[in-house]
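Asks: As a plain string of letters, each chain reads:
There are 2 protein chains.
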Amino acid sequence: MKASTPLETIGLLGGGVIGGGWAARFVLNGYDVKIYDVDPQAQRKIGEVMANARRAYAKLTLAPLPREGTITFVDTPEQAATGVDFVQESAPERVELKQELLARASRVAPAHVVFGSSTSGILPTQLQRDMTFPERLVVGHPFNPVYLLPLVEICGGEKSSLEARERARDVYELIGMRPLMLQKEIDGFVADRLMEAMWREALWLINDGVATAEEIDDAIRFGAGLRWSFMGTFLVYRIAGGEAGMRHFMAQFGPTLKWPWTKLMNVPELDDVLLEKSFRNRMHKPEVEQFEN
Amino acid sequence: MKASTPLETIGLLGGGVIGGGWAARFVLNGYDVKIYDVDPQAQRKIGEVMANARRAYAKLTLAPLPREGTITFVDTPEQAATGVDFVQESAPERVELKQELLARASRVAPAHVVFGSSTSGILPTQLQRDMTFPERLVVGHPFNPVYLLPLVEICGGEKSSLEARERARDVYELIGMRPLMLQKEIDGFVADRLMEAMWREALWLINDGVATAEEIDDAIRFGAGLRWSFMGTFLVYRIAGGEAGMRHFMAQFGPTLKWPWTKLMNVPELDDVLLEKSFRNRMHKPEVEQFEN
Chain A
1 MKASTPLETI GLLGGGVIGG GWAARFVLNG YDVKIYDVDP QAQRKIGEVM ANARRAYAKL
61 TLAPLPREGT ITFVDTPEQA ATGVDFVQES APERVELKQE LLARASRVAP AHVVFGSSTS
121 GILPTQLQRD MTFPERLVVG HPFNPVYLLP LVEICGGEKS SLEARERARD VYELIGMRPL
181 MLQKEIDGFV ADRLMEAMWR EALWLINDGV ATAEEIDDAI RFGAGLRWSF MGTFLVYRIA
241 GGEAGMRHFM AQFGPTLKWP WTKLMNVPEL DDVLLEKSFR NRMHKPEVEQ FEN
Chain B
1001 MKASTPLETI GLLGGGVIGG GWAARFVLNG YDVKIYDVDP QAQRKIGEVM ANARRAYAKL
1061 TLAPLPREGT ITFVDTPEQA ATGVDFVQES APERVELKQE LLARASRVAP AHVVFGSSTS
1121 GILPTQLQRD MTFPERLVVG HPFNPVYLLP LVEICGGEKS SLEARERARD VYELIGMRPL
1181 MLQKEIDGFV ADRLMEAMWR EALWLINDGV ATAEEIDDAI RFGAGLRWSF MGTFLVYRIA
1241 GGEAGMRHFM AQFGPTLKWP WTKLMNVPEL DDVLLEKSFR NRMHKPEVEQ FEN
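Chains A and B, in that order, are what the protein sequence lines are.
Counting from 1, one number per residue, gives the positions in the first sequence under this note's numbering.
Counting from 1001, one number per residue, gives the positions in the second sequence under this note's numbering.
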């Protein structure tokens, strides 16, 4: 396949929170989608995601949006992979289920149709195992809500071709995303490893009674989170050194890396007690309407 | 001291990156500051921080800003603590240095004057050790740039009074900050523990050749960072569960906490090789003008 291969219709395997987000992003960028999902509520749920996404896009820009693509619901994974130019799989995180869906869809999709998987936890080498033309499978891991966050991690497995990685990158760029091409196949990819490291520490702080979930959320959103929305950790730290730059920062803070600031290796038991502790003060309904999907 | 104690003049011990940020925040909110700093360049550097802060505030709001306070440079810590209503210490992170500065200043400041320390790594119990009226010392840990980020962590030591914690909170709220009252004295407080957990993982990813510093920064700012600027990890995860909420999220992702996604306990040697790897592609000058201080 060429990077210039046209893109008109996308097959979506799975239409839950993530699959629905993909549907919204593709459709609002003018592409047609075919969705396969076993949930009898899928049409209603995706309709709600679409409404949220339309509202969000209208606030994001004054520019006219492209004419919306169409949404077709189909009954089998084979139908979702027929007559499409790209397939995005967003089924639940069960390896056998994903393998079967991808294998079935791959038998009917022409060899040039690349498959992206939204998995956050399964390696592409596993996912491509039973596929026809397995070299066209890559992970294309998005972030919720998919129609708003630009990041997508592209990760190939042992059999994935460079062409498939590049085709996925081109497709995602067409819908306004910011692909990150990973150099190695690694559990959790990059972004989730970073997030999970922080979340683990957060759970310990709750477990030990140092802070509540609300306080931890505030510690993020009124502090580093404001910086992280436009600059990453390394640039932040480099600048924190003032005129002397990174060397100054490291001279001051480098040694603290060896201090016992984080409870790292151990994992608090994420049982109902800790869950209850973490969420007891949360309102039932979150305040942010665009995320209610 | 009462929460209603007036606030007019603040003594600043230390006028570097953080102390200069405090100066800008207090002065642009209409309060006078007295600054003690041994650096002969302190006046010039703080002038540059002030210019950046004025530019930033002008972009933040169309409302008229209060009349600026005044800046006075003084020659001793005692002078900085004389005739002031609050003292903020932002000296380099060396415990003996901070202890001595705080002790000297505390001998001249009336008992009702509360001291906040900007330390990110030293416990308040250590800092208050040699002070006159040690109960008035709390940590008031801000985030860079201090004139922009609202978060400030308030943490008391063994001798700190509730009144001192509350006075610090009131002072910080007067200058538009969002105080977080910590329940326990803990190394690294809360926010830096969270940041450091993530940064440690980032250093491993660079060390192992999985991603570059630029890619890690992109993985943050085009993904979770955009969410973290207005909602913390727990709210994000709760909403990620879709209609089923947190239970759905945990059923799907809870088990991954036990997967080997993070290289936690070990710390990569932060030597020149890793530093070089982390920053070799960075331009010398960061692009974000407000942070150049």
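Be a bit skeptical, because a hint or two may be false.
Said to hold, decoys possible - With a cut-off of at most 20 Å between alpha-carbon atoms, the simulated SDA-like pairs for lysine to any residue come out as follows:
id: 1; chain 1: A; residue 1: LYS45; chain 2: A; residue 2: ALA56
id: 2; chain 1: A; residue 1: LYS59; chain 2: B; residue 2: GLU1214
id: 3; chain 1: A; residue 1: LYS184; chain 2: A; residue 2: TRP204
id: 4; chain 1: B; residue 1: LYS1159; chain 2: B; residue 2: PHE1133
id: 5; chain 1: A; residue 1: LYS184; chain 2: B; residue 2: ASP1187
id: 6; chain 1: B; residue 1: LYS1159; chain 2: B; residue 2: ASP1187
id: 7; chain 1: B; residue 1: LYS1059; chain 2: B; residue 2: LEU1148
id: 8; chain 1: A; residue 1: LYS184; chain 2: B; residue 2: LEU1148
id: 9; chain 1: B; residue 1: LYS1184; chain 2: A; residue 2: TRP204
id: 10; chain 1: B; residue 1: LYS1159; chain 2: A; residue 2: VAL210
id: 11; chain 1: A; residue 1: LYS59; chain 2: B; residue 2: LEU1226
id: 12; chain 1: B; residue 1: LYS1184; chain 2: A; residue 2: PRO6
id: 13; chain 1: A; residue 1: LYS159; chain 2: A; residue 2: GLU185
id: 14; chain 1: A; residue 1: LYS159; chain 2: A; residue 2: GLU135
id: 15; chain 1: B; residue 1: LYS1059; chain 2: A; residue 2: LYS184
id: 16; chain 1: B; residue 1: LYS1059; chain 2: A; residue 2: PHE230
id: 17; chain 1: A; residue 1: LYS159; chain 2: B; residue 2: ASN1207
id: 18; chain 1: A; residue 1: LYS59; chain 2: B; residue 2: MET1231
id: 19; chain 1: A; residue 1: LYS184; chain 2: B; residue 2: TRP1204
id: 20; chain 1: A; residue 1: LYS45; chain 2: A; residue 2: THR61
id: 21; chain 1: A; residue 1: LYS184; chain 2: B; residue 2: GLU1008
id: 22; chain 1: A; residue 1: LYS184; chain 2: A; residue 2: ILE122
id: 23; chain 1: A; residue 1: LYS59; chain 2: B; residue 2: PHE1230
id: 24; chain 1: B; residue 1: LYS1184; chain 2: A; residue 2: GLU214
id: 25; chain 1: A; residue 1: LYS184; chain 2: B; residue 2: PHE1133
id: 26; chain 1: B; residue 1: LYS1059; chain 2: A; residue 2: SER229
id: 27; chain 1: A; residue 1: LYS184; chain 2: B; residue 2: GLU1100
id: 28; chain 1: B; residue 1: LYS1184; chain 2: A; residue 2: LYS184
id: 29; chain 1: B; residue 1: LYS1184; chain 2: A; residue 2: LYS45
id: 30; chain 1: B; residue 1: LYS1059; chain 2: A; residue 2: MET231
id: 31; chain 1: B; residue 1: LYS1159; chain 2: B; residue 2: LEU1123
id: 32; chain 1: A; residue 1: LYS184; chain 2: B; residue 2: ILE1206
id: 33; chain 1: A; residue 1: LYS184; chain 2: B; residue 2: LYS1159
id: 34; chain 1: B; residue 1: LYS1184; chain 2: A; residue 2: VAL210
id: 35; chain 1: B; residue 1: LYS1184; chain 2: A; residue 2: ASN207
id: 36; chain 1: B; residue 1: LYS1184; chain 2: A; residue 2: ASP208
id: 37; chain 1: B; residue 1: LYS1045; chain 2: B; residue 2: LEU1062
id: 38; chain 1: A; residue 1: LYS184; chain 2: B; residue 2: ASP1208
Worth flagging that the hints you see were computed from the coordinates, not collected in a lab.
Asks: Taking the hints in turn, state whether each one holds.
Replies: Against the structure, the hints:
1. Note on LYS45(A) and ALA56(A): the hinted pairing holds, with a Cα-Cα distance of about 17 Å set against a maximum of 20 Å.
2. About 30 Å separates the Cα atoms of LYS59(A) and GLU1214(B), which puts this hinted pair outside 20 Å; it is violated.
3. Under the criterion of a C-alpha separation no larger than 20 Å, the hint pairing LYS184(A) with TRP204(A) is inconsistent with the structure, at around 30 Å.
4. For the hint linking LYS1159(B) to PHE1133(B), the alpha-carbon distance of about 9 Å falls within 20 Å, and the restraint holds.
5. A distance of roughly 35 Å separates the Cα atoms of LYS184(A) and ASP1187(B); the hinted pair therefore is violated under the 20 Å criterion.
6. This hinted pair checks out: LYS1159(B) and ASP1187(B) have alpha carbons roughly 17 Å apart, not beyond 20 Å.
7. Among the hinted pairs, LYS1059(B) with LEU1148(B) is consistent with the structure: their alpha-carbon atoms are about 12 Å apart, no more than 20 Å.
8. In summary, the hint linking LYS184(A) to LEU1148(B) is not supported, as the alpha carbons are separated by about 38 Å, beyond the 20 Å threshold.
9. Taken as a hint, the LYS1184(B) and TRP204(A) pair is honoured in the structure, with Cα atoms around 13 Å apart against an allowance of 20 Å.
10. Between the alpha carbons of LYS1159(B) and VAL210(A) the distance comes to roughly 18 Å, so the proposed pair stays at or under 20 Å and holds.
11. Distance restraint check for LYS59(A) and LEU1226(B): the Cα-Cα separation of roughly 16 Å lies within the 20 Å cut-off, and the hinted pair is therefore satisfied.
12. Between LYS1184(B) and PRO6(A) the alpha-carbon distance is near 59 Å, which puts this suggested pair outside the 20 Å criterion.
13. Simply put, LYS159(A) and GLU185(A) have alpha-carbon atoms about 11 Å apart, close enough for the 20 Å limit, and the pair holds.
14. With a CA separation close to 5 Å, the supplied pair LYS159(A) and GLU135(A) stays within the 20 Å bound.
15. Proposed proximity of LYS1059(B) and LYS184(A) is contradicted: the alpha carbons are some 42 Å apart, above 20 Å.
16. Taking the CA atoms of LYS1059(B) and PHE230(A), the gap is about 16 Å. The hint holds against a cut of 20 Å.
17. For the suggested pair LYS159(A) and ASN1207(B), the alpha carbons sit about 25 Å apart, so the restraint of at most 20 Å is broken.
18. For the given pair, LYS59(A) sits about 19 Å from MET1231(B) by alpha-carbon distance, which is consistent with the 20 Å threshold.
19. A distance of roughly 13 Å separates the Cα atoms of LYS184(A) and TRP1204(B); the hinted pair therefore holds under the 20 Å criterion.
20. Restraint check: the Cα-Cα separation between LYS45(A) and THR61(A) comes to about 25 Å, which exceeds 20 Å; the hinted pair is violated.
21. Between LYS184(A) and GLU1008(B) the alpha-carbon distance is near 57 Å, which puts this suggested pair outside the 20 Å criterion.
22. Distance check on the hinted pair: LYS184(A) and ILE122(A) sit about 14 Å apart at the alpha-carbon level, within 20 Å; holds.
23. For the hint pairing LYS59(A) with PHE1230(B), the CA-to-CA distance comes to about 16 Å; that is within 20 Å, so the pair holds.
24. For the suggested pair LYS1184(B) and GLU214(A), the alpha carbons sit about 16 Å apart, so the restraint of at most 20 Å is met.
25. At roughly 57 Å between alpha-carbon atoms, LYS184(A) and PHE1133(B) are farther apart than 20 Å, so this suggested pair is violated.
26. Proposed proximity of LYS1059(B) and SER229(A) is supported: the alpha carbons are some 18 Å apart, at most 20 Å.
27. The hinted pair formed by LYS184(A) and GLU1100(B) fails the criterion: a straight-line CA distance of about 51 Å is larger than 20 Å.
28. Straight-line distance between C-alpha atoms of LYS1184(B) and LYS184(A) comes to about 41 Å, which puts the hinted pair past the 20 Å bound.
29. With a C-alpha separation of about 43 Å, the suggested pairing of LYS1184(B) with LYS45(A) is violated against the 20 Å cut-off.
30. The suggested pairing of LYS1059(B) with MET231(A) holds, with an alpha-carbon distance near 19 Å, which does not exceed 20 Å.
31. Between LYS1159(B) and LEU1123(B) the alpha-carbon distance is near 12 Å, which keeps this suggested pair within the 20 Å criterion.
32. Taken as a hint, the LYS184(A) and ILE1206(B) pair is honoured in the structure, with Cα atoms around 12 Å apart against an allowance of 20 Å.
33. A threshold of 20 Å between alpha carbons decides the hint, and for LYS184(A) with LYS1159(B) the separation of about 51 Å lies outside it, so the pair is violated.
34. Under the criterion of a C-alpha separation no larger than 20 Å, the hint pairing LYS1184(B) with VAL210(A) is consistent with the structure, at around 6 Å.
35. As the CA atoms of LYS1184(B) and ASN207(A) are separated by approximately 13 Å, the hinted pair is consistent with the 20 Å bound.
36. With a C-alpha separation of about 10 Å, the suggested pairing of LYS1184(B) with ASP208(A) holds against the 20 Å cut-off.
37. For the hint linking LYS1045(B) to LEU1062(B), the alpha-carbon distance of about 27 Å lies beyond 20 Å, and the restraint is violated.
38. Restraint check: the Cα-Cα separation between LYS184(A) and ASP1208(B) comes to about 10 Å, which is no more than 20 Å; the hinted pair holds.
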